[in-house]
Amino acid sequence: MTFDFYKSLSVGYLLLFISYFVDSIDQIFIHSILYTVLMEKTTLILAAAFIYIGSKKWMENFKAVSLTDDLTEIPNRKLCHEIIAKEILISQKQVSYLCLAVLDIDYFKGINDKHGHNTGDKILKSFAQLLSEQTRKGDSIGRWGGEEFLILLKDIDIDCAYKSLDLLRNKIALYDFGDKNQSLTITVSIGIAQMNKTDNFESLFIRADKVLFEAKEAGRNIVKF
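The numbers in numbering that gives the first Met the number 0 rise by one with no breaks, and the one at position 216 of the sequence shown is 215.
Check each hint, because a few of them may be wrong.
Said to hold, decoys possible - The following label-pair restraints were derived from C-beta to C-beta distances:
#1 Gly-115 / Gln-91: 15 to 23 Å
#2 Leu-129 / Lys-209: 20 to 28 Å
#3 Leu-70 / Gln-91: 26 to 34 Å
#4 Lys-215 / Asp-158: 40 to 48 Å
#5 Gly-115 / Ile-17: 23 to 31 Å
#6 Lys-92 / Thr-186: 34 to 42 Å
#7 Asp-178 / Tyr-51: 43 to 51 Å
#8 Gln-128 / Cys-159: 20 to 28 Å
#9 Glu-81 / Lys-55: 52 to 60 Å
#10 Ile-17 / Lys-92: 53 to 61 Å
#11 Lys-209 / Asp-156: 42 to 50 Å
Said to hold, decoys possible - Here are the simulated lysine-lysine pairs, DSS-like style, with alpha carbons at most 30 Å apart:
#12 Lys-113 / Lys-6
#13 Lys-113 / Lys-215
#14 Lys-92 / Lys-113
#15 Lys-6 / Lys-85
#16 Lys-40 / Lys-179
#17 Lys-124 / Lys-77
#18 Lys-121 / Lys-179
#19 Lys-108 / Lys-121
#20 Lys-92 / Lys-136
#21 Lys-170 / Lys-136
#22 Lys-196 / Lys-108
#23 Lys-40 / Lys-121
#24 Lys-113 / Lys-55
#25 Lys-223 / Lys-85
#26 Lys-136 / Lys-162
#27 Lys-113 / Lys-153
#28 Lys-136 / Lys-77
#29 Lys-162 / Lys-196
#30 Lys-179 / Lys-77
#31 Lys-108 / Lys-170
#32 Lys-170 / Lys-124
#33 Lys-124 / Lys-196
#34 Lys-136 / Lys-6
#35 Lys-179 / Lys-85
#36 Lys-215 / Lys-77
#37 Lys-92 / Lys-215
#38 Lys-92 / Lys-170
#39 Lys-85 / Lys-136
Read the hints as simulated data drawn from the structure, not as lab findings.
Bear in mind the structure is a predicted one, so any value in this text is a computation, not a measurement.
Positions of the beta carbon are idealized from the N, C-alpha and C atoms, including for glycine.
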């Protein structure tokens, strides 16, 4: 997260103060028109420019923060919904494949209870980073909430999506999420649904989430579709 807008706004308001200060002095002392133009009007124009740029950056920063998960720094629930809903419409128009995967870290509450929430948070951050590294360019990931994540796979049917996500499941199971003091591994259950021509976000998500439940009922650390 960056706060560059602070600099622009600070410079802008400083220039605005200088402009008004020069204007107040101008009422007391007689100066040339050139002095007034250079010191007052030019400063005022620059102040307006810096304030505009700073305000624009502020709004962009606010939007980015509101759509990004604080902990994992990947798209949050709201942005996930927006991205997936948009991609569904695009894929339906183009008649292309689209699959949604819902991932749930197995027995995550037990990890928090045994190792503490700080360790749990580190695992979530590392897990999100691993997903970012392992997903294809053009696919989208996000944190839906808690220990549940989403992956949107574009231009791929459900059989290929299954193979890809089963490889990911295996990599996650082999990955060490611990530190130099202790080794720590986790597993993940995954449910996949393929978009059809009548789907919207809710219907696609419900199907994927239902299959995820089946994966957990089947013993976890499994991919189902």
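Status of the hints after comparison with the structure:
no., hint, verdict
1, Gly-115 / Gln-91: 15 to 23 Å, "45 Å, violated"
2, Leu-129 / Lys-209: 20 to 28 Å, "25 Å, holds"
3, Leu-70 / Gln-91: 26 to 34 Å, "33 Å, holds"
4, Lys-215 / Asp-158: 40 to 48 Å, "22 Å, violated"
5, Gly-115 / Ile-17: 23 to 31 Å, "53 Å, violated"
6, Lys-92 / Thr-186: 34 to 42 Å, "38 Å, holds"
7, Asp-178 / Tyr-51: 43 to 51 Å, "46 Å, holds"
8, Gln-128 / Cys-159: 20 to 28 Å, "24 Å, holds"
9, Glu-81 / Lys-55: 52 to 60 Å, "21 Å, violated"
10, Ile-17 / Lys-92: 53 to 61 Å, "54 Å, holds"
11, Lys-209 / Asp-156: 42 to 50 Å, "19 Å, violated"
12, Lys-113 / Lys-6, "45 Å, violated"
13, Lys-113 / Lys-215, "21 Å, holds"
14, Lys-92 / Lys-113, "48 Å, violated"
15, Lys-6 / Lys-85, "35 Å, violated"
16, Lys-40 / Lys-179, "62 Å, violated"
17, Lys-124 / Lys-77, "19 Å, holds"
18, Lys-121 / Lys-179, "14 Å, holds"
19, Lys-108 / Lys-121, "14 Å, holds"
20, Lys-92 / Lys-136, "21 Å, holds"
21, Lys-170 / Lys-136, "18 Å, holds"
22, Lys-196 / Lys-108, "37 Å, violated"
23, Lys-40 / Lys-121, "53 Å, violated"
24, Lys-113 / Lys-55, "46 Å, violated"
25, Lys-223 / Lys-85, "25 Å, holds"
26, Lys-136 / Lys-162, "17 Å, holds"
27, Lys-113 / Lys-153, "38 Å, violated"
28, Lys-136 / Lys-77, "21 Å, holds"
29, Lys-162 / Lys-196, "23 Å, holds"
30, Lys-179 / Lys-77, "36 Å, violated"
31, Lys-108 / Lys-170, "21 Å, holds"
32, Lys-170 / Lys-124, "16 Å, holds"
33, Lys-124 / Lys-196, "35 Å, violated"
34, Lys-136 / Lys-6, "34 Å, violated"
35, Lys-179 / Lys-85, "42 Å, violated"
36, Lys-215 / Lys-77, "25 Å, holds"
37, Lys-92 / Lys-215, "34 Å, violated"
38, Lys-92 / Lys-170, "34 Å, violated"
39, Lys-85 / Lys-136, "17 Å, holds"
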